[in-house]
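Go by the hints and put chain B onto chain A.
As you go down the protein sequences, you meet chains A and B in turn. Using the numbering used here, read the first sequence as starting at 1 and increasing by one per residue. Using the numbering used here, read the second sequence as starting at 1001 and increasing by one per residue.
Everything labelled a hint here was simulated from the structure, so no lab data went into it. Some clues are possibly wrong.
[To be verified] For lysine to any residue, the following SDA-like pairs were computed, each having C-alpha atoms within a straight-line distance of at most 25 Å:
1. A:57 to B:1005
2. B:1113 to A:39
3. A:57 to B:1033
4. A:57 to B:1028
5. A:13 to B:1073
6. A:57 to B:1078
7. B:1055 to A:51
8. A:57 to B:1113
9. B:1073 to A:112
10. A:57 to B:1043
11. B:1073 to A:102
12. A:57 to B:1055
13. B:1073 to B:1114
14. A:57 to B:1031
These numbers come from a predicted model, not from an experiment.
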Amino acid sequence: KAGVTQTPRYLIKTRGQQVTLSCSPISGHRSVSWYQQTPGQGLQFLFEYFSETQRNKGNFPGRFSGRQFSNSRSEMNVSTLELGDSALYLCASSMTGGMNTEAFFGQGTRLTVV
Amino acid sequence: AQTVTQSQPEMSVQEAETVTLSCTYDTSESNYYLFWYKQPPSRQMILVIRQEAYKQQNATENRFSVNFQKAAKSFSLKISDSQLGDTAMYFCAFGNTNAGKSTFGDGTTLTVKP
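With the rest of the complex left out, here is chain A:
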């Protein structure tokens, strides 16, 4: 059974650009959550999608957005990149998103903004 796949694994962007990251969940999983991991802030919840709808949202500016497709694959987009957006972005998938189901993480996308 394939795990959670995040692409690309590494990305370098220039300040002011925009970027799109992709997450393919485990087959059958309908919930995808996104997290930002930085040394200073730890793991911060960005948003969660379930059945193509954003169900939960963290405290991030509107520059951070996402979507989910009918096959449960999810993308997150960051516009007008800032140096502080440099981070490891992790996605996690689960059957329903409820805490009684296990969440599986991808290996992450390392974004560097220069």
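Here is chain B on its own, set in the frame of chain A:
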């Protein structure tokens, strides 16, 4: 809002010995889940153990066990017979019952020494 605190940024243990990682949390909810995740140097986060707040019995998974003290809002992880492969960053996390989001602590870097 929930908060999760891991007061030990770094710990080390000799192979085959036992180590305990601390975690405290704050919440006004009565029903929730607590997790310990492991993030090895390869970065993929994996679930180590999960505890449901309404269950008084402490969860165990092979060499991993927790000491869940609900009144004290404490959730420590004990690793018995430590192995070199246990070297990783360990995150304590809190999850609402139905929300696809978790609140993470800042992590504890554990090094198992031969």
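Here is how each hint holds up against the structure:
At most 25 Å may separate the alpha-carbon atoms for a hinted pair to count; residue 57 of chain A and residue 1005 of chain B meet this at roughly 22 Å. For the hint linking residue 1113 of chain B to residue 39 of chain A, the alpha-carbon distance of about 24 Å falls within 25 Å, and the restraint holds. Among the hinted pairs, residue 57 of chain A with residue 1033 of chain B is consistent with the structure: their alpha-carbon atoms are about 19 Å apart, no more than 25 Å. Note on residue 57 of chain A and residue 1028 of chain B: the hinted pairing holds, with a Cα-Cα distance of about 20 Å set against a maximum of 25 Å.
For the given pair, residue 13 of chain A sits about 42 Å from residue 1073 of chain B by alpha-carbon distance, which is inconsistent with the 25 Å threshold. Proximity of residue 57 of chain A to residue 1078 of chain B is assessed by CA-CA distance (about 33 Å); at most 25 Å being required, the pair is judged violated. Only pairs whose Cα atoms come within 25 Å are accepted, and residue 1055 of chain B paired with residue 51 of chain A is rejected, the gap being roughly 30 Å. As the CA atoms of residue 57 of chain A and residue 1113 of chain B are separated by approximately 40 Å, the hinted pair breaks the 25 Å bound.
For the given pair, residue 1073 of chain B sits about 37 Å from residue 112 of chain A by alpha-carbon distance, which is inconsistent with the 25 Å threshold. With a C-alpha separation of about 24 Å, the suggested pairing of residue 57 of chain A with residue 1043 of chain B holds against the 25 Å cut-off. The straight-line distance between the Cα atoms of residue 1073 of chain B and residue 102 of chain A is roughly 22 Å, inside the 25 Å bound, and the hint therefore holds. Between the alpha carbons of residue 57 of chain A and residue 1055 of chain B the distance comes to roughly 28 Å, so the proposed pair goes past 25 Å and is violated.
Restraint check for residue 1073 of chain B and residue 1114 of chain B: not satisfied, since their Cα atoms lie roughly 34 Å apart, outside the 25 Å limit. About 21 Å separates the Cα atoms of residue 57 of chain A and residue 1031 of chain B, which keeps this hinted pair within 25 Å; it holds.
Hint check: violations occur at hints 5, 6, 7, 8, 9, 12 and 13; the rest are consistent with the structure.
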